[in-house]
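Asker: Keeping the supplied structure of chain A fixed, place chain B with the ligands upon it in accordance with the hints.
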Amino acid sequence: METFLEQLPIVVGSLNVGFLQTLKLFVVTLLGSLPLGLIIALGSMTKFKPIQILTKSVVWVIRGTPLMIQLLIIYYMPGLAFNNHFWGSGEDGRFLAAAVAFIFNYACYLSEIYRGGLQGIPVGQDEAGVVLGMTKSQIFFKVKLLQMIKRIVPPVSNEIITLVKDTALARMIALQEIIWAGEAFLKGSHGIAGAIWPLFFAALYYLVFTGVLTVLLGKLEKKLDFFKI
Amino acid sequence: MLRVENVEKYFGRTKVLEDISFELKQGEVLAIIGSSGSGKTTLLRCINLLEQPTKGKIYIYDELLLDAELPKAKFDKDIRKKHLHFGLVFQNFNLFPQYTAKKNVMLAVELLAKERPDYKANKDKILKEIEEEAEQLLIKMNLQDRIDHYPHQLSGGQQQRVAIARALALHPDILCFDEPTSALDPELTGEVLKVIRDLADENMTMIIVTHEMSFARDVADRIIFMDEGRIIEEGPAKKLINNPQTDRLKDFLTRVEV
Ligand SMILES: Nc1ncnc2c1ncn2[C@@H]1O[C@H](COP(=O)(O)OP(=O)(O)OP(=O)(O)O)[C@@H](O)[C@H]1O
Ligand SMILES: [Mg+2]
Numbered sequence: 002m003e004t005f006l007e008q009l010p011i012v013v014g015s016l017n018v019g020f021l022q023t024l025k026l027f028v029v030t031l032l033g034s035l036p037l038g039l040i041i042a043l044g045s046m047t048k049f050k051p052i053q054i055l056t057k058s059v060v061w062v063i064r065g066t067p068l069m070i071q072l073l074i075i076y077y078m079p080g081l082a083f084n085n086h087f088w089g090s091g092e093d094g095r096f097l098a099a100a101v102a103f104i105f106n107y108a109c110y111l112s113e114i115y116r117g118g119l120q121g122i123p124v125g126q127d128e129a130g131v132v133l134g135m136t137k138s139q140i141f142f143k144v145k146l147l148q149m150i151k152r153i154v155p156p157v158s159n160e161i162i163t164l165v166k167d168t169a170l171a172r173m174i175a176l177q178e179i180i181w182a183g184e185a186f187l188k189g190s191h192g193i194a195g196a197i198w199p200l201f202f203a204a205l206y207y208l209v210f211t212g213v214l215t216v217l218l219g220k221l222e223k224k225l226d227f228f229k230i
Numbered sequence: 002m003l004r005v006e007n008v009e010k011y012f013g014r015t016k017v018l019e020d021i022s023f024e025l026k027q028g029e030v031l032a033i034i035g036s037s038g039s040g041k042t043t044l045l046r047c048i049n050l051l052e053q054p055t056k057g058k059i060y061i062y063d064e065l066l067l068d069a070e071l072p073k074a075k076f077d078k079d080i081r082k083k084h085l086h087f088g089l090v091f092q093n094f095n096l097f098p099q100y101t102a103k104k105n106v107m108l109a110v111e112l113l114a115k116e117r118p119d120y121k122a123n124k125d126k127i128l129k130e131i132e133e134e135a136e137q138l139l140i141k142m143n144l145q146d147r148i149d150h151y152p153h154q155l156s157g158g159q160q161q162r163v164a165i166a167r168a169l170a171l172h173p174d175i176l177c178f179d180e181p182t183s184a185l186d187p188e189l190t191g192e193v194l195k196v197i198r199d200l201a202d203e204n205m206t207m208i209i210v211t212h213e214m215s216f217a218r219d220v221a222d223r224i225i226f227m228d229e230g231r232i233i234e235e236g237p238a239k240k241l242i243n244n245p246q247t248d249r250l251k252d253f254l255t256r257v258e259v
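Chains as they are written, first to last, in the working numbering: chain A, 2 to 230; chain B, 2 to 259.
The hints are simulated quantities; they were obtained by calculation from the structure and are not laboratory data. Predicted model, so just to flag it, every value in this text is computed and none were measured. Note that beta-carbon positions come from the ideal geometry of N, C-alpha and C, so glycine has one too.
Going by beta-carbon spacing under 7 Å, a handful of chain A positions derived as facing chain B:
| hint | residue |
| --- | --- |
| 1 | Gly125 |
| 2 | Glu128 |
| 3 | Met135 |
| 4 | Leu147 |
| 5 | Phe228 |
| 6 | Lys229 |
| 7 | Ile230 |
Computed list of lysine to aspartate or glutamate pairs in EDC-like fashion (alpha-carbon distance at most 16 Å, straight line):
| hint | chain 1 | residue 1 | chain 2 | residue 2 |
| --- | --- | --- | --- | --- |
| 8 | B | Lys239 | B | Asp219 |
| 9 | A | Lys143 | B | Glu111 |
| 10 | B | Lys124 | B | Glu111 |
| 11 | B | Lys103 | B | Glu134 |
| 12 | A | Lys137 | B | Asp79 |
| 13 | B | Lys251 | B | Glu235 |
| 14 | B | Lys83 | A | Glu128 |
| 15 | B | Lys239 | B | Asp222 |
Chain A extracted, bound-state conformation:
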């Protein structure tokens, strides 16, 4: 018991550092992929064929292959194939590579959700806007956007919760996120070795975080309850 109490602050400190990295990757991925997903969705819905085919193929490839492979390729390819150590060698470089892989991957998944949300809006909404003399962009931003958001909040919430757990994949390129931090105490770190309980603590971090997110997203869904579609 005494040693546990001695080890606790060391482990928590280490997990906190790892969790900060997890949190950073989570926030940056969301900030990047939420808008990028919308652009990809509009690209895949445009009547201009080359753009449509290009975006649809990219989405197909990204969704059809594991995020883990994308992560490894994005991180290692510049150095190994082009001898260009684009990402550098530090933790910052690994973070950047992870962020790029995650943003693209999630943007592609989100784009499909956005597309479904937009296509589910009755064509009468468009036509009502058109006969009222609105421009295409006015119809999108003033009429359809909020209706789309209302439709997609539940599926996007699912993606967001999945993302929290997916950030652990960044460990593949040695990003020192929270599981990496917890795992270190199995092998030995800070004079602690063979300890499994730090991983339970790491799980607890996830549980609390996803719990908080679930509550917040539920609030957002409630907020959009003022109208029905």
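Answerer: Chain B with the ligands in isolation, oriented as in the chain A frame:
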């Protein structure tokens, strides 16, 4: 003020409208009747530039509004201005669900006002006028106690009256209705028909596609009867209903109750 000349419309290989020509005078109320699938909605959508006819021309105030020979109307740079000649009230209302009744009425007017050169200087005054007019229109539609309600909080009849106010807010030259009461419970049709009747009394120029024969007879000045994409009979409303000339119209009138 409106002249439709030889309009024809194909959907793929199906001919839906054939050689449609008619004129509409200022202040006139025209009803279009006919059985399901006869092309009434398609005709209204062509006039409202939502559908491109395969042949024909449409003029408003002697200005060429649409010529099927020319590139599609939706690529026309003046298309938005052309849309503003018309108001269209849909069968299923198509209100914007995230806005209150008042905001539904104001939205397009506000967006249009932003393009006025004096908008920046007089913003507050302009917005206030728009809001006041929206309220006046809703009061006129008998919705004074529903101004701040959202569409889902309104009955079908109330929603349709908001939709009429929304169309009127842009001061269209011609107000078009596509079966404005077909989606309503019978006890709610009366309140909508009443406001249309009031508009007719104010000499609003209107085209009304309807299945309500007695309403068409009493409110319209003229009626067009369509069948299989063609105008079969056309004439003064009472005469056409009370004294049909063609077998097809006689047949149609015995099938629907007048
Ligand atoms: N977008 C479309 N594509 C193909 N065919 C269509 C389309 N819209 C309408 N049609 C066809 O055109 C014909 C006329 O349809 P329209 O909706 O104009 O009839 P209507 O007189 O309004 O009928 P109703 O009284 O049922 O509303 C129908 O045969 C219909 O199936
Ligand atoms: Mg119809």
